[in-house]
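Produce the complete structure using the sequences and hints provided.
These protein sequence lines map, in sequence, to chains R and V.
Going letter by letter, the first sequence gives residues 1 to 612 in the UniProt record's numbering.
Going letter by letter, the second sequence gives residues 1 to 612 in the UniProt record's numbering.
Take the hints with a grain of salt, since some may be wrong.
Which copy is meant is left open, because identical chains are indistinguishable; a pair holds if it fits in one copy or across any two.
What the hints assert, rightly or not - Here are the simulated lysine to aspartate or glutamate pairs, DMTMM-like style, with alpha carbons at most 20 angstroms apart: (1) Lys-518 to Glu-573; (2) Lys-546 to Glu-535; (3) Lys-25 to Asp-267; (4) Lys-567 to Asp-48; (5) Lys-582 to Glu-549; (6) Lys-569 to Glu-558; (7) Lys-122 to Asp-195; (8) Lys-232 to Asp-447; (9) Lys-227 to Glu-178.
Honestly, the hints are just simulated from the structure, not real lab data.
Protein chains: 2
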Amino acid sequence: MKKISLTILLLFLGFYYLIAQNSKKPNVIVIYTDDQGAGDLGCYGATDIFSPNIDKLAEDGIRFTQAYVAAPVCAPSRAALLTGNYPQRAGVPGNTSASIGSDGLPDEQYTMAELFKDNGYKTAHVGKWHLGMSEASSPNNQGFDYSFGHLRGCIDNYSHFFFWEGPNIHDLHENGKEVFYDGKYFPDVMAEKVDAFIDKNQQDPFFLFYAINMPHYPYQPTQKWKKYYADKGIEFPRSDYGAFISTIDERIGMLIDQLNSLGLREDTIIVYQSDNGYSTEMRAFNGGGSSGPYRGAKSSLFEGGIRLPTIISWKGNLPENKVSKQFLLNTDWMPTLSNLCGLENKKSAIDGIDLSSMLMNTKQKSLRTSAFWKYGSQWVVRDGKWKLIAYPKDTSHKGELDLESDALFLSNLDEDVSEMKNLASKHPEIVKSLIKKYTEWEFGSIDGVPKETKKVNHLAVETIIESTLPLPTNYKNIEVLIDGKSGYLDYSSGQWIGQEGKDLEFLIDLKKEQNIEKISCGYMQDLGNWIFKPEQISVSFSSNGKDFEGSLFLNDEENNINKNTFKGKFSIEKPFTARYLKINIKNIGVCPPTHKGAGSKAWLFIDELYIE
Amino acid sequence: MKKISLTILLLFLGFYYLIAQNSKKPNVIVIYTDDQGAGDLGCYGATDIFSPNIDKLAEDGIRFTQAYVAAPVCAPSRAALLTGNYPQRAGVPGNTSASIGSDGLPDEQYTMAELFKDNGYKTAHVGKWHLGMSEASSPNNQGFDYSFGHLRGCIDNYSHFFFWEGPNIHDLHENGKEVFYDGKYFPDVMAEKVDAFIDKNQQDPFFLFYAINMPHYPYQPTQKWKKYYADKGIEFPRSDYGAFISTIDERIGMLIDQLNSLGLREDTIIVYQSDNGYSTEMRAFNGGGSSGPYRGAKSSLFEGGIRLPTIISWKGNLPENKVSKQFLLNTDWMPTLSNLCGLENKKSAIDGIDLSSMLMNTKQKSLRTSAFWKYGSQWVVRDGKWKLIAYPKDTSHKGELDLESDALFLSNLDEDVSEMKNLASKHPEIVKSLIKKYTEWEFGSIDGVPKETKKVNHLAVETIIESTLPLPTNYKNIEVLIDGKSGYLDYSSGQWIGQEGKDLEFLIDLKKEQNIEKISCGYMQDLGNWIFKPEQISVSFSSNGKDFEGSLFLNDEENNINKNTFKGKFSIEKPFTARYLKINIKNIGVCPPTHKGAGSKAWLFIDELYIE
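Shown next, in the form of structure tokens:
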């Protein structure tokens with residue numbers, strides 16, 4: 001042990017000596033790919049993907065097998081990378097809007113670009129931004145001397161029109177000014193801009209954020225690579241996806257050739273990482289990528305959404321041809337690169353950890369031992385080998401999840417990297433301790449912790465329920481309303497019945513006349529998902545199923561209306577006798593004027609209907 | 001009179017003599033633009049559009065001011081052009097689907113391309129197809145020796161990806177095989193294909209259908225023309241739209257230059273026409289084009305949707321520098337060109353009329369005196385100067401339309417080319433005679449004729465109605481249900497209350513206890529618009545507005561369920577007394593398995609709630 005530590009110390013000191021000796025600080029290039037899956041490189045085990053240049057980059061440096069991004073979708077992942085903060089602190093907890101002028105990364109955030117710029121670097125952003133459409137959130141205002149690319153989440157690579165819902169418009173900007181390269185292949189234009197920036201700044205230290213917009217849809221690889229994958233007999237959409245990865249790889253080869261020819265290879269730190277797992281969205285033809293051994297994909301907090309290809313290479317300075325199992329989060333790049341480059345950082349503390357010393361010895365114990373994630377209702381605590389997910393979503397569909405028993409999903413990553421076996425019931429003390437860590441985390445909250453769903457054996461359980469109104473396709477399984485169990489705080493868990501813009505109404509047949517004391521109806525509010533507390537819940541009753549009388553209005557047990565996300569209950573205690581109950585749940589109709597969805601249809605969600 | 005007729009006869013004979021003399025038949029180029037407005041060329045009065053080459057084409061031939069297309073949207077307009085038949089007979093009454101393999105122009109249709117091919121011509125289609133995605137409906141199967149372009153309704157002009165809802169895919173085909181010109185500007189690729197086809201076939205007679213996909217959205221003019229319009233201070237989206245027209249014009253100039261340089265200009269008949277009025281769709285930024293003096297735009301049967309820029313030029317053979325007021329429909333091009341070229345046509349009769357003789361003298365009385373249109377619930381009879389529209393829609397929003405008094409809209413086009421003054425009430429005998437013509441037309445039907453909406457003064461008129469369920473934004477004006485008037489057979493007329501996938505329920509307060517004899521509820525079925533007869537209509541009643549009793553089920557008065565589009569009524573005769581009525585109209589929920597929307601939400605529409 002001692003011997004190893006000493007070696008590290010010597011290496012560490014030697015390394016700082018090196019920095020001090022060299023009058024010019026090293027250049028930094030952070031290559032950030034878009035929706036690239038965990039298993040989608042040759043060096044990460046893909047046998048059907050041709051990526052020789054990226055594989056060579058890994059050979060020339062350290063390839064990580066436990067490197068994470070702080071969010072499973074684009075904007076918050078990028079915000080974490082650029083600020084060193086969890087997306088929650090960075091002010092970008094979810095994807096940002098495509099509307100002109102809309103907010104994104106807040107002005108107050110001190111970015112990696114600002115840090116490098118303040119230390120005399122020339123800074124550039126080339127590629128996708130997706131961190132806001134306002135002046136304040138723009139690349140030039142966030143520390144980049146130079147910026148070229150698109151501001152929204154995706155573009156057609158030839159017309160450079162925003163690739164989403166219409167009316168789609170041209171989205172290509174250079175230093176805040178719209179520029180036109182009609183018909184020119186965007187990856188080639190990016191490569192040219194990168195080439196020119198490096199060429200121009202070869203004497204100065206530079207920091208380049210090369211935000212490659214591939215393999216994000218639309219899948220538009222070059223014909224050369226399309227043919228290559230077609231000839232290999234690979235099927236669509238994997239063929240186009242793979243060809244798109246090779247399209248990236250080829251351009252990274254060009255970049256490294258340039259660095260070599262300018263003699264800058266050993267003066268340049270290159271970081272390579274994907275922003276989140278591969279997409280299973282409709283516009284990605286529901287797939288094409290692969291998470292390799294992991295479960296989950298884009299939007300999921302299983303490893304497949306967040307544990308991604310990650311490489312650092314600094315030839316002649318950092319170890320080469322190493323595979324590291326060290327734990328790393330993309331928030332750590334900012335302090336780590338800062339230290340590698342010997343920058344002065346006068347700004348306040350961030351969430352990221354300086355891992356520079358650990359890079360010198362990939363056998364060294366990881367300096368980072370835990371991390372947190374929060375995206376929608378999902379959250380994660382990873383502490384050592386243990387990983388606890390709340391309300392997991394498996395966008396890769398690798399296995400079934402039980403809504404209740406898997407609401408808290410515990411894995412031992414040392415033994416089950418695929419997270420297929422939930423150990424939560426086997427290790428309740430570990431679950432408890434990880435929940436404690438989560439609730440103590442600045443952005444954690446006890447409200448988000450799944451409660452044990454005790455089955456209440458009320459009068460409606462195992463009776464007959466029907467909806468008197470049509471229900472949305474995803475919310476037709478109304479038996480969940482009388483299963484004795486209250487759904488957890490996730491509208492999409494399958495335990496809730498929802499309706500958009502309209503009311504819900506259910507008829508319950510208790511099978512015989514019953515003496516009823518109390519009626520309750522659980523509901524959810526989740527303003528971020530346009531879900532509002534019901535306006536009113538009323539019950540009428542009948543003995544014959546035809547003639548209904550009474551309109552009992554239930555009272556809200558809580559007064560939480562201003563809280564963003566919570567579960568509540570309407571109820572009434574009144575003794576009466578009936579066999580049939582008609583329960584009407586009134587939707588507020590449209591989102592209120594203060595809400596971002598103002599005027600659009602509001603959702604309501606309920607579970608459970610307790611008849612006691 | 002005699003003298004003029006003789007002149008025409010001589011010209012006519014002379015003309016045939018000319019054909020007979022010339023061993024080689026003339027070439028034919030039909031240029032068909034996409035969503036170009038009636039007023040969007042210099043020669044049609046636009047002062048802000050630069051179109052010198054098309055204006056010159058008009059100078060070198062005949063420019064029509066009363067030339068029509070047979071439908072106000074793409075696919076049926078093209079079907080009429082290519083078959084010489086009304087879209088109804090051509091088997092393409094509306095736009096065709098973008099789904100791979102889906103039907104379009106039926107195999108049985110004998111097209112203009114087949115006619116020319118059967119007469120020894122080389123035939124080519126270059127540009128947009130939008131007449132089906134099946135093998136049978138493909139250009140090569142419909143008479144084109146050569147075909148190049150996109151099969152769906154619109155593409156990105158650089159990536160050649162279908163420009164609509166996702167997942168969008170590449171749509172560029174040459175003779176049925178997918179081809180790639182990644183990044184190459186589609187108008188330039190079209191121009192090259194046209195150039196090559198003409199060059200190759202300069203010795204043979206050729207027929208070219210040049211289906212230019214501009215100025216259809218996405219608006220992607222060249223930078224040269226963008227700059228030109230920006231410099232002129234023209235505002236978006238007119239600027240991009242105008243620049244797109246100039247982009248067309250420039251390429252037509254290139255085509256004519258080629259014909260001149262090959263010495264083919266006098267051997268080539270050129271027809272120019274737009275397929276329908278300019279688009280006011282969201283993806284077209286709600287406009288950009290202009291209908292000039294006319295009312296209406298794309299999708300409307302007012303003149304702006306169907307009366308469009310149309311030119312024929314055959315230098316040295318047809319009159320030059322003429323403006324013709326002669327009445328022409330795009331179905332007429334097939335027989336007219338057939339005759340101009342002296343083709344033999346062994347196939348059966350079509351709707352189009354041979355107008356070739358009238359072209360020799362633009363002062364000659366029009367050979368066509370009437371025409372019919374039918375698109376959705378709109379239909380038109382034009383007979384001489386009179387034009388009757390049923391259920392008019394003004395997509396150009398040039399004026400208000402009264403739902404009832406304008407359900408039949410009569411114009412005297414000689415005096416009111418803008419169709420702003422409805423003369424229907426002033427000339428009931430003309431309305432009657434035009435309705436008679438319509439119902440006698442093969443594709444007309446008495447069902448589609450607006451009936452006079454007599455106000456029935458039943459018990460609910462001027463009482464109080466409320467919906468117990470939220471209603472869609474467009475269908476909140478529920479007072480129409482108790483205004484004493486039954487809506488006409490057009491769900492979008494404003495007279496109907498609709499609901500998608502869900503039920504409707506209304507509470508009527510008659511203001512005092514009333515003796516009720518009969519209750520009826522009008523409904524509509526319109527399968528093409530996914531509107532189905534209600535599954536069930538029931539009424540319960542109350543004296544105090546709280547305790548409702550009874551569930552009277554209304555009976556359908558008709559048994560029309562297999563009819564595509566009709567109005568029906570549910571009713572019940574039963575004497576009772578009540579002040580409050582709750583009327584529930586049950587939606588079938590989802591479209592039935594046999595319907596093209598199978599499994600998707602079904603609509604229901606009702607008007608009026610009669611309480612007698």
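From the Cα coordinates, with 20 angstroms as the cut-off, is the pair Lys-567 and Asp-48 best called within, between, both, or neither?
neither (47 angstroms within a copy, 60 angstroms between copies)
What label fits Lys-569 with Glu-558 when the C-alpha limit is 20 angstroms: within, between, both, or neither?
within (7 angstroms within a copy, 47 angstroms between copies)
Alpha-carbon proximity context of Lys-25 and Asp-267, limit 20 angstroms:
within (8 angstroms within a copy, 73 angstroms between copies)
Indicate which option fits the pair Lys-546, Glu-535 if close means a Cα-Cα distance not exceeding 20 angstroms: within, between, both or neither.
between (26 angstroms within a copy, 19 angstroms between copies)
At 20 angstroms max between alpha carbons, let me know whether Lys-227 reaches Glu-178 within a copy, between copies, both or neither.
between (34 angstroms within a copy, 13 angstroms between copies)
Go through the copies and call it for Lys-122 and Asp-195: within, between, both or neither, with a Cα cutoff of 20 angstroms.
within (14 angstroms within a copy, 49 angstroms between copies)
At most 20 angstroms between C-alpha atoms: does Lys-582 with Glu-549 qualify within a copy, between copies, both, or neither?
Both ways: Lys-582 and Glu-549 sit 10 angstroms apart in one copy and 14 angstroms across, limit 20 angstroms.
Using 20 angstroms as the alpha-carbon threshold, which applies to Lys-518 and Glu-573: within, between, both, or neither?
Within. Shortest intra-copy distance 4 angstroms satisfies the 20 angstroms Cα cut-off; inter-copy 41 angstroms does not.
With 20 angstroms as the alpha-carbon cut-off, assign the pair Lys-232 and Asp-447 to within, between, both or neither.
neither (51 angstroms within a copy, 59 angstroms between copies)
The structure shown violates the earlier hints numbered 4, 8.
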